[in-house]
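These two chains come separately, so use the hints to put the complex back together.
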Amino acid sequence: MSDDDRTYSVRLMTRVEGEGRFYLKLKGDQVLESHLNIFEAPRYFEAFLCGRAIEEVTDIVARICGICPVAYQMSAVKALESALGIAPAAAIRALRRLLYCGEWIESHALHIYLLHAPDFLGYASGMAMAVDHRDAVERGLRIKKIGNQLVAALGGRSIHPISARIGGFSAVPDAGRLAELRPALQQALSDAIETVAWTAGFPFPAFEQDYTCVCLEHSTYPLEWGERIYISGIGTVPVEDFHLQIEESQVAHSTALHSRLKNGQHYLTGPIARLNRHYPRLHPLALDALNKSGLQLPVRNPYQSIVARSVEVVHALAEALDIIDSYRQPAAAYRAYTARDASAAGATEAPRGLLYHRYRIGADGLVKEAMIVPPTSQNQAQIEADLVAVAPQLLALQHDQATHLCEQLIRSYDPCISCATHFLRLAIDRDDTAADAGR
Amino acid sequence: MKIIALGNDSAGDDGAALLAAKALASADRYPVVFAGRPGAGLLDLLDSAGPVVLLDVVSGGGPPGRIIRLTFAQLVNGISPAQQVSSHGFGPAEVLQLGRALGRSLPKGCFIGIEGGCFEPGNTLSPAVERAMGRFIDTVSAAVGDLTHW
Chain A
164 MSDDDRTYSV
174 RLMTRVEGEG
184 RFYLKLKGDQ
194 VLESHLNIFE
204 APRYFEAFLC
214 GRAIEEVTDI
224 VARICGICPV
234 AYQMSAVKAL
244 ESALGIAPAA
254 AIRALRRLLY
264 CGEWIESHAL
274 HIYLLHAPDF
284 LGYASGMAMA
294 VDHRDAVERG
304 LRIKKIGNQL
314 VAALGGRSIH
324 PISARIGGFS
334 AVPDAGRLAE
344 LRPALQQALS
354 DAIETVAWTA
364 GFPFPAFEQD
374 YTCVCLEHST
384 YPLEWGERIY
394 ISGIGTVPVE
404 DFHLQIEESQ
414 VAHSTALHSR
424 LKNGQHYLTG
434 PIARLNRHYP
444 RLHPLALDAL
454 NKSGLQLPVR
464 NPYQSIVARS
474 VEVVHALAEA
484 LDIIDSYRQP
494 AAAYRAYTAR
504 DASAAGATEA
514 PRGLLYHRYR
524 IGADGLVKEA
534 MIVPPTSQNQ
544 AQIEADLVAV
554 APQLLALQHD
564 QATHLCEQLI
574 RSYDPCISCA
584 THFLRLAIDR
594 DDTAADAGR
Chain B
70 MKIIALGNDS
80 AGDDGAALLA
90 AKALASADRY
100 PVVFAGRPGA
110 GLLDLLDSAG
120 PVVLLDVVSG
130 GGPPGRIIRL
140 TFAQLVNGIS
150 PAQQVSSHGF
160 GPAEVLQLGR
170 ALGRSLPKGC
180 FIGIEGGCFE
190 PGNTLSPAVE
200 RAMGRFIDTV
210 SAAVGDLTHW
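Chains as they are written, first to last, in the working numbering: chain A, 164 to 602; chain B, 70 to 219.
Okay, chain B solo, but in the shape it has when bound (with noise of 0.2 angstroms):
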């Protein structure tokens, strides 16, 4: 069981996913990867033997602070109800479906998403997201806990 994380932490909430990755991996409890923004290199990181929980900061007009969970059928099928905030084009809904074209498998898992609000430089979330972020980590924490037990 692994969690990855995606974004860039000095673009406003567009840092959430991090930071809140940041706090599980101080409780030392679940493996992290920071993996800011990698492009098509997620595709290696997803190819993993277990399961994969894996965060990102969605920008889709909803309310900052709205978090989506979303298995990874769902993402790369794409009826996530909101747009990833990719790099260069290459979000996780495009490399899952670049995993796919190359006949690989799904990985086990999870998407976990929370929506962003402002993406202006600099490393402060926005006061939605802010407030929003505890029930963010309660909500990665619980699906460690789903996908600890399946």
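Excised from the complex, chain A in its bound form (with noise of 0.2 angstroms):
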């Protein structure tokens, strides 16, 4: 048997957006696979589509994630708005970008407290950490519950609301209504500020990248609205081509497309992407609460996702605030629009990273083509790239410490991934045969 041969892989990720394992497989410092298995059925949503009422989009897209349903309604009504040249009235836009916090917020929370931190306070489980450090969950819990908290009050409910629709709401809040949010949401906006503290302080592994960064470009902090992608390296290029900078393909170890650049590097989006390209954009209360942290910018390091992520809910309460103070209820909550012949594309930014929506629509008012590219599958060959890139530190590790550190590094970029690898179970195959024929 040889030791030089060594194996680590997961195999069943559970109850994820898309279910699969991991498999990194070295000879000594070799990496001869890696792999980011994603074996989850193909889900056929932009078949589903086809065929469909425009008005139909964003109740069935809110269906793909129970976590970030609101970025699919917000990158759907988007393109579909671009198609029928109509644009939301501000008081709308700025609803929408309430919203679209209060998916952050909970989104977020939920991964750095109950998902990641444990991977660096040394449990298997929120609810393990949670013996020891009742203060720290408690807070992120309180975070997450007005996250789901404004969620509701907009989108009528927390998970999958059903009020955002082509041209605005089907219905808008008063004042009043949202005033009531306003005790809590400053509580967890004083709590984000102390996640962001609390976060930096964790021990990172030492693991650095030169990522290639792609966000949606916007004179704000990048959320509900941009009409350019930026790439790092290349520039800024229309959300409309958005396929002729980025290429998809199929990979035979998973049923979610890879995307890469189409000179076939693999790249980042999500928050530290957006924290790289932006921070100067970030609500002062969040850039005070990151120069603070003392977080190095740019982000190399894919394991300080967490602080990016803290940041970054700082930023999505504060703006909520804001946007709660000024707000004003608008006479209508929709705009009328009159279907035609058309195709556009649209983005915006997922909690876990970019979010592209393309729909050919016809006069008659149906669906003719859909296209969505979700962060995750985005992420995909950037997580084998991370993998293959800290092989090397695993062979100084025991096992479990190996296997962990590449756990870790795979919940670094998605609460769906991470949450179910809590559940995985591990196996190490050292191969003599595999030694002998030199594979």
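Calculated from the structure, these hints are not laboratory results.
Errors might be hidden in some of the hints.
What the hints assert, rightly or not - The list that follows gives simulated cross-link-like pairs (lysine to any residue, SDA-like), each with its CA atoms no further than 25 angstroms apart: (1) 177/B to 217/B; (2) 91/B to 323/A; (3) 188/A to 428/A; (4) 308/A to 78/B.
To be verified - Ranges between beta-carbon positions, derived for each pair: (5) 118/B to 414/A: 49 to 55 angstroms; (6) 367/A to 217/B: 50 to 56 angstroms; (7) 173/B to 367/A: 27 to 33 angstroms; (8) 117/B to 495/A: 49 to 55 angstroms; (9) 119/B to 210/A: 44 to 50 angstroms; (10) 349/A to 174/B: 27 to 33 angstroms; (11) 294/A to 117/B: 22 to 28 angstroms; (12) 203/B to 408/A: 54 to 60 angstroms; (13) 248/A to 174/B: 53 to 59 angstroms.
Please read all numbers here as calculations on a predicted model, not as lab measurements.
For each residue, glycine too, the CB sits at the ideal point set by N, CA and C.
This is the structure:
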């Protein structure tokens, strides 16, 4: 048996947006294979949408993800409104941003406190961590709760909200309803600032990558709106040109498409990409928290995404308070439109990164074609590249430590995958035959 | 007293608890919360002064349609004969464990689950679960009666 052959694998990643496993095979310090294997059956949402009325799209795409349904709704309305030649009123834009802030708050808080922090503090789960870190977990739950309440106040319910529609909302809240949320938002803002300091103090594994960052480009911190996409090393390109810059391809080990730049380069989307590009556009309170955290920019260590995410929670809470304070209920909840033959793209920033939608619609009001590129699939190739890059560090570690380092790395990217990996089983395979065969 | 129903009504038998709750709500006798898959948010829903009857679908390899009734203490101590079908790792047992870790008291009330057999997309129950729905609703009604007189 050769001690040089090492296989690190997790065989089952359940309850994730894309079910899968990871597999890393080394011979000595050479990586033979690195796979993030997404094996969930295709869900066919793009096919479901074809032939459906354009008014149904927001409700259908909300079902793609239970954690970030707002992101799917916002990218959909952005694309469809572009196709229809309408733009939402300023007050509606503000409400959409507020709704999206709620989703960032609840999604990020879940990931930070219950999914990712246990890795840094040496616990198998958020439940185990709560025994020794009760105050911290209560803080996280307070933040998450107000995020959910914000989504419910604007979206009708916190999971798979139902109020977003083309042109605006089916109904808008009165100012008093939003003002009721203010005390809890203020408390959460204080909690979130504390969270930045807390996560910045975690012990981060020494690991850095030179990332190609991809995110929405806008004059404000990117969220619900933007006409261009920033690609580090290339510059900004229109959202409409997404597929002129980025190529999706199928790989044998995944039912989710991989995304790469046309030159074959993998890339990073999500909180680190956003922070690296747009930190000057953070809310002053978030920028202050970032500066005090000591986090070095640009962030090159993926494990530090937990700090980037924490800074974004501060930003979302501070923005939410500002939007509520300046809110005046619009006279109309939505803008009317007339269906026409057209196609258009739209992109927004989901908690996990850039979420691109493209639709071709008809004058009969039906969807003819739909294309959705979620951040999870865009990050797959980058995750595999990170696993390859971290491989040399694994050799000096015990097997369980090495596997944990890989899991922690994957968890840095995506709350759904991160959630599942807490339940993974690990198999060590030292294969004589493989060594003898020189595989 | 309130009933909280968990599950996904677009995944076959996973919608059974929601359907049972719907039937009970239509009788207008009990306050019902259709919680779906609230994840850790269930902790807030369980933070109730009165008793709670928590309904969910379980998948533990038993015969579809089997009904189990557990105290919350049994559920949190992991002696459930079935594994809960949960969302993103935060099913009822995990949420109760989290609550206990945070020093919160277990709610008064009970957990009632029905064994699912088919979790394919769609809102159709498997025949075995369909046949058991009347018994499931009766079990919940009986539990509510017990707790009301508690």
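For this structure, which hints from the list above don't hold up?
Hint 8 alone not satisfied by this model.
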